[in-house]
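A.B. asks: So you can see what is in the structure, the chains are spelled out below.
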Amino acid sequence: MERETAFKKEMFVRDETNRQEAEKISRPSVSYWSDAWGRLKENRLAMTGLLIIVLLLIMAIIGPHLNEYSYYEQDFAKKNLPPNAEHWFGTDAAGRDLFTRAWHGARISLFIGFMAALIDFVIGVLYGGISALRGGRTDHVMMRIAEILYAIPYMLMVILIMIAMKRGIWPIIVAMTITGWIPMARLVRGQVLQLKESEFVQAALAMGAKMGWILRKHMIPNTFGPILVNITLTVPTAIFAEATLSFLGLGVPAPQASWGTLASDALGSILVGNFYQLFVPAILISLTMFAFNVFGDGLRDALDPRLRK
Amino acid sequence: MDLSSEPSSSEKKQTLGVISMWKYTFKRFLWAIATLWVIITVTFIIMKAIPGDPFAKDGGLPETVQKNLHRHYNLDKPEIVQYGLYLKSILQFDFGPSMKHRSITVNDYIKKGFPISLHLGLQALIFAISFGLILGVVAALYRNKWPDYASMVIAIIGVSVPSFVLATFLINYVAVQWNLLPVATWQSWSHTILPTISLAMMPLAYIARLMRSSMLEVMNQDYILTAKAKGLKQSTIIIKHAIRNAILPVVTVLGILTTNLVTGSFIVEYIFGIPGMGEMFVTSIFNRDYSVILGSTVFYSAILIFLIFIVDVAYTWIDPRIKITEEGS
Amino acid sequence: MEPLLEVEDLHVSFKTYAGTVKAVQGVNFAIREGETLGIVGESGCGKSATAKAIMKLLPSPPAQYERGLIRFQGKDVLKASEKEMQSIRGKQISMIFQDPMTSLNPTSKIGKQIMEAIVKHENISMKEARQRALRMLELVGIPQPEKRIDQYPHEYSGGMRQRAMIAIALACRPKLLIADEPTTALDVTIQAQMLELMKSIQEKMGTAIILITHDLGVVAEMCDRVAVMYAGQVVETGRVKPLFKHPQHPYTRGLLKSVPRLDANRKAPLQPIVGSPPDLFEPPQGCAFYPRCSYAMRICKDYAPKLEKTREGQYASCWLHHPLADKTKWLKEGMAVDR
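Sequence lines, in order, name chains R, Y and Z.
Start counting the first sequence at 177; every next residue gets the next number (our numbering).
Start counting the second sequence at 7; every next residue gets the next number (our numbering).
Start counting the third sequence at 1073; every next residue gets the next number (our numbering).
FYI, nobody ran anything at the bench for these hints, they're computed from the structure.
When the alpha-carbon atoms are kept at most 25 Å apart in a straight line, the in silico SDA-like pairs for lysine to any residue are as follows:
1) Y/Lys246 / Z/Ser1132
2) Y/Lys29 / R/Glu323
3) Z/Lys1247 / Z/Tyr1137
4) Y/Lys239 / Z/Glu1154
5) Z/Lys1184 / Y/Thr242
6) Z/Lys1399 / R/Thr193
7) R/Lys342 / Y/Glu85
8) Y/Lys54 / R/Met341
9) Z/Lys1219 / Y/Met27
10) R/Lys342 / Y/Thr47
11) Z/Lys1094 / R/Glu218
12) Z/Lys1163 / Y/Asp228
13) R/Lys185 / Z/Pro1395
14) Z/Lys1373 / R/Phe183
15) Y/Lys246 / Z/Tyr1228
16) Z/Lys1199 / Y/Ile243
17) Y/Lys239 / Z/Glu1194
18) Z/Lys1192 / Y/Asp228
19) R/Lys217 / Y/Val159
20) Z/Lys1184 / Y/Asn226
21) Y/Lys29 / R/Asp315
22) Z/Lys1094 / Y/Asn226
23) R/Lys217 / Y/Ala156
24) R/Lys217 / Z/Ala1090
25) Y/Lys54 / R/Thr355
26) Y/Lys246 / Z/Glu1154
27) Y/Lys151 / Z/Thr1092
28) R/Lys185 / Z/Trp1402
29) Z/Lys1378 / Z/His1083
30) Y/Lys33 / R/Leu363
Derived, one-sided and incomplete: chain R residues facing chain Y with beta-carbon distance under 8 Å:
31) Ile324
32) Pro329
33) Tyr330
34) Met331
35) Leu332
36) Ala340
37) Phe416
38) Ala419
39) Thr420
40) Phe423
Fair warning: this is a prediction, and the values are worked out from it, not measured in the lab.
Ideal Cβ placement from N, Cα and C applies to all residues, glycine included.
Make a model of the complete structure from these sequences and hints.
C.D. replies: Quick look at the structure:
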């Protein structure tokens, strides 16, 4: 009671202004996406991944035009040259400029990766969505079919289909997506089913909201997170699968180049000591795998609503 | 299998659980057979879809000889009959002769190559699982400290670097330049080290990452707090409560990891010149030896589908929470 | 009599990437042997953090014990080593948690989970431990304990799981049991059974109980004394009956008024406390309840009141009890809520 003296009578006057503050919400509400973006930005590894992806995309667009060589032009006088001022990444066994081929390969590999992911996404969302929304017998039959196909070893199926088809970019994409869409379909189905049962959708239904509105306002925003993560992780898987196919001689035909064909072509010249030829595609594939994986992981963490603060 | 859903608890369902577990196993087995049938059918269709006559390539064969060959391989019969015969021969585990080397059957190839591939595969799998688990646990326990970063660097390298790149780098440095281990072939145990590492890196990294996140999640569970509130030592909590639960998601991906391991083995065996099934498979793709390609595809598929079946069923027995309902999964 | 447990001026904060959350900011209370103390408050007021701090169960980082004292049987818990804590946890002090669905290890048999604590703290054989576990299951009212002991948690219902949790907690006859919202996740009928069980066990074993809850009814039913927490601080404490009859803090009064009563006039509206608790990232400088208080004065905005004796055996931290304060409104409205 020593501090008593410091207090004056007027301090004990009723203060009616206090309630105004109470009605204020203590912190501004942050939307799901901006909140997720905020958390993603904090994740330095994921942002590094994003940066690498953007850089690779830019280089895929402008890279092949940065010098005067084309990806198919052969010059046998200049074969197997190590990196130098003229050929920045050196030349291959047919005297083609590896810098141009590397970024041409980026186009092909990234195109295959993104296309495969996109097609998987479209088929997966349609199949999984229909299965879950229809429910009952339809769902049962559709899921049994998916289950059987899912158990087929992925790469074996891709190889098998590639053997029956002509070599080329689209056959590769087709082979990859023929069973590749299933994980996406299962994911979408699971998400939609969970949401269908969820209280907020039930509440929206009970309040007489239309299905389309619910789809737009609730289903899509809420299923999109895991789907986006899945897409992000499908791209590197496809690029990787393409590399394996190239290695088996089932990749894009010459003179086209993908990172996979560049790497498998280079394997032949390793024993001759031309290690640099493998180095470039190996680094590019690894960088891409790294970038998409860490970005996908970061995205998963950022979009996880349980982590919202 | 949705782990988050709360299983029911009444007595009745409990006894029902064991019966439906058998039912589930049986059902699962039927699905595995169905999958295998789809693959066999696809291989048959592909065999038929491949343009050209398998015997035309040889060229210069007299027409009568070609006809005899067609009759010998039943190619003169209607396709549905051929399909039936194909199914029958596969059921009898007979994949027919190689198209390139008629005197050798696909079965011969498998008998010769499979034991080697199995050795390499198992060794890589054991290496991947044991080190993957250790790295994952250590990373989770030292979250955001240097052991975590070190493990995750290894894991990131593992998922980022394709096996053929890793294999080539290992050969170039460890074998050729530093001369520490043999370059290639399959003779002594020291020959197996580099291929094992090349093959194991990817699943190892995958397991490490999965185990890390699984451990982190488990360590946040209430029952870990309960264990701590009992006064148990940190080491007891980690071993008896955390790892036991965290390992379950890892079990579920073993099937898919083994599948990846098989795909990886094609390349690794080829690069290291290991006379296993994978190398044979790659060579047959290069040679367009269709009967070998299709035969080994069926063989690989059968093994992998059976393995996934085992993993799925084993999981329902390992995790006491999983009570299979009538629905199946 | 020397109290079993004393908590003095406890401060706990959590470091997160968004800033430091000052979850507990000067908590004081004490509990004697065999007594039941209730800690009530809204969610997020620091009740659970306080409870876990007593057993040093908060993971550190992010938790930091900034200052204060937790004295258990004369020993400063905050200064104890992890090894010493291990010998206290489960043996001297036990804890049961809110959600029995998640607080048992799903892959370990119930019996094993009980025996684990016994074997750890007492030098007895596995066989004896199993006998003790059986007796504990019987004590907490689990039918057919011989069969139930070898079952997994998912084979138990929610109520049975919480009984099993109590069996684990009491297996080594601790002096103090901390129950963190033990009935919140349960059905109302099972809640009552659980409270009965805790009462009867307390009578048999003489265990002191700290009961953390947001349910004033539970406190009235179970506790000898109560501490009301708001925004990480104890704002009022005292014996349950007089405190509920004559709350000395506007928050306590608000809590009591906002409880629906069976005997109340249905037409009379419920009286909720407006607003929401303060952001503990930046706790206010003055009284934390100031923005929501119907009796706020100018002083409350800038100066935090201290916990002071207001009636016999009752303490509250509110400027209304200052001699200079005008208590007319407080006293007038106070008559109406007397219960």
